[in-house]
Amino acid sequence: MQSEDGAAKHPEFHIKLHHDRCVGAGHCAACAPDLFAQNPRDGVVILLSPNPPSNRYPAVREAEAQCPSGTIEVVLNP
Amino acid sequence: MNTPNTDVSEPKFPLARTAGKLDPPPEYSQFRAEGPLKRVTLWNGKKAWLVTRRHDVREFMLNPNISADPETEGYPALTPARAATVKSYKTILTMDPPGHTKFRRMLTGEFTAQRMEELRPRVEKLVDELIDKMIEKGPPCDIVESLALSLPISVVTLLIGVPFEDDSKLIKWSADQRDVLAEDLEVGRRAHAEMLAYVDGIVARTEANPGKGDNMLERLVLEQIQPGHLTRQEAVHMINLLYFAGHETTANQIGLGILDFLQNPEQRAKLQANPTLLRNAIEEMLRYNSITHFSSSRVATSDIVIGGQKIRAGEGVFALLSAANRDPTVFADPDKFDIERSNAKDHLTFSFGVHHCLGQPVARLELRAVFERLFKRLPNLRLAVPFEELQFKENMFVYGVNKLPVTW
Numbered sequence: 073m074q075s076e077d078g079a080a081k082h083p084e085f086h087i088k089l090h091h092d093r094c095v096g097a098g099h100c101a102a103c104a105p106d107l108f109a110q111n112p113r114d115g116v117v118i119l120l121s122p123n124p125p126s127n128r129y130p131a132v133r134e135a136e137a138q139c140p141s142g143t144i145e146v147v148l149n150p
Numbered sequence: 021m022n023t024p025n026t027d028v029s030e031p032k033f034p035l036a037r038t039a040g041k042l043d044p045p046p047e048y049s050q051f052r053a054e055g056p057l058k059r060v061t062l063w064n065g066k067k068a069w070l071v072t073r074r075h076d077v078r079e080f081m082l083n084p085n086i087s088a089d090p091e092t093e094g095y096p097a098l099t100p101a102r103a104a105t106v107k108s109y110k111t112i113l114t115m116d117p118p119g120h121t122k123f124r125r126m127l128t129g130e131f132t133a134q135r136m137e138e139l140r141p142r143v144e145k146l147v148d149e150l151i152d153k154m155i156e157k158g159p160p161c162d163i164v165e166s167l168a169l170s171l172p173i174s175v176v177t178l179l180i181g182v183p184f185e186d187d188s189k190l191i192k193w194s195a196d197q198r199d200v201l202a203e204d205l206e207v208g209r210r211a212h213a214e215m216l217a218y219v220d221g222i223v224a225r226t227e228a229n230p231g232k233g234d235n236m237l238e239r240l241v242l243e244q245i246q247p248g249h250l251t252r253q254e255a256v257h258m259i260n261l262l263y264f265a266g267h268e269t270t271a272n273q274i275g276l277g278i279l280d281f282l283q284n285p286e287q288r289a290k291l292q293a294n295p296t297l298l299r300n301a302i303e304e305m306l307r308y309n310s311i312t313h314f315s316s317s318r319v320a321t322s323d324i325v326i327g328g329q330k331i332r333a334g335e336g337v338f339a340l341l342s343a344a345n346r347d348p349t350v351f352a353d354p355d356k357f358d359i360e361r362s363n364a365k366d367h368l369t370f371s372f373g374v375h376h377c378l379g380q381p382v383a384r385l386e387l388r389a390v391f392e393r394l395f396k397r398l399p400n401l402r403l404a405v406p407f408e409e410l411q412f413k414e415n416m417f418v419y420g421v422n423k424l425p426v427t428w
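Protein sequence lines, in the order shown, are assigned to chains U and D. Numbers given in the working numbering equal positions in the first sequence, counted from 1, plus 72. Numbers given in the working numbering equal positions in the second sequence, counted from 1, plus 20.
Be aware that one or more of the hints could be misleading.
[Stated by the list, open to error] 25 Å max Cα-Cα, derived SDA-like pairs, lysine to any residue:
1. K122(D) x A131(U)
2. K365(D) x P150(U)
3. K122(D) x V116(U)
4. K122(D) x P130(U)
5. K356(D) x I245(D)
6. K330(D) x G142(U)
7. K88(U) x A133(D)
8. K365(D) x N149(U)
9. K32(D) x L205(D)
Rather than coming from a laboratory, the hints here were simulated on the basis of the structure. Predicted, not measured: the structure shown is a model, and the values here were computed from it.
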């Protein structure tokens, strides 16, 4: 999808986390360090920004795909 | 005559690497093409399912209705040696949630991105020192012994905080416990018992003098054992696992990774010409070599459907990470070692789901440190013996090469 000014157009979305599943692999924090961090105590994901700007959509989808435990869910806004 | 094993529709498992030592058994391609699940016959005549497609392996490993606990009815034992020892490994590898989650989270804080950044300069220094020693001694040398194995042993010592007083003991105990084709079943049992007794001594000494929590073992004592979250025995099993899982896997991957490049000089030339390929090259060797080649053993705890086919409660399953990593519908020309492969990182070598490898950031850190340096410092590195003379660990739970004689 391309908008008129040539920039890629991404859907509006928010992030839902299933904390109980997190295994602390840290892939999300590597994919999008502006959005995800890890609790230094147990490595469990910390969401820095539940409603990131839509241009972060590809990075968040990548974090969702790389997460080995199904902790990250990307929900498209209605 | 023993008929079950001759039934071609339910072939024997495990299978041999008849297509080449760097390729999985060729039957996997056929199984993957045939359907989502393949029924196989184990050594004891029992049946199990193989999952071979990447998508299905991922989905299966995420399913909450599977168990990694050998005590669960129907858990498939790969070989007699595995059956003899696997129930005595009381670690997070063979636990299910919620117990698994509780114990794993005692350790995950040790493997965060920040911790890895603190570890990086020390690992890089170790690699340089080991290569210095190789150069000082001069060629030829067995690079498994002088680098591939020495590095992870030093790193695991750094991580846990207590050195093994005798590395050769650690190596032997680890090897004896993971020879899946061993005929003398006592060897594995004895090695396991001896290693647990040794580690018990390490934990006991740390309990007596836990310091200020400056290393992993001291933190485990202060934060988990003393407040009563973890028993001494549980801690011993945990540290035992970290000692062997922390060195054996990475050692084998470093050895095979070196061999990948020596066998594919055009790929090595690409890496030397363009060091930004390093990260992807590491992912590609992880995909290509899939060193935990018999993983993962599971049993269904209720009926589940994979790829439209049913696995019944109590049936054993091997979700083959090594087959998933060569799935041609995901990885184009999957049997080629290609460091420019755009989706190399989609491999499942560190498994998937709750048992995703805890130490993977350390493994990646060590691999990057090695391959960032090795061919720069030894640009003429090559095999000192013909490839055909190399001995591979087909009998071991973690695949690799026994010795890798090189010269430069």
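Structure-based check of each hint:
| no. | hint | result |
| --- | --- | --- |
| 1 | K122(D) x A131(U) | 30 Å, violated |
| 2 | K365(D) x P150(U) | 32 Å, violated |
| 3 | K122(D) x V116(U) | 12 Å, holds |
| 4 | K122(D) x P130(U) | 32 Å, violated |
| 5 | K356(D) x I245(D) | 48 Å, violated |
| 6 | K330(D) x G142(U) | 22 Å, holds |
| 7 | K88(U) x A133(D) | 22 Å, holds |
| 8 | K365(D) x N149(U) | 29 Å, violated |
| 9 | K32(D) x L205(D) | 21 Å, holds |
Going through the hint list in order, the structure does not satisfy hints 1, 2, 4, 5, 8.
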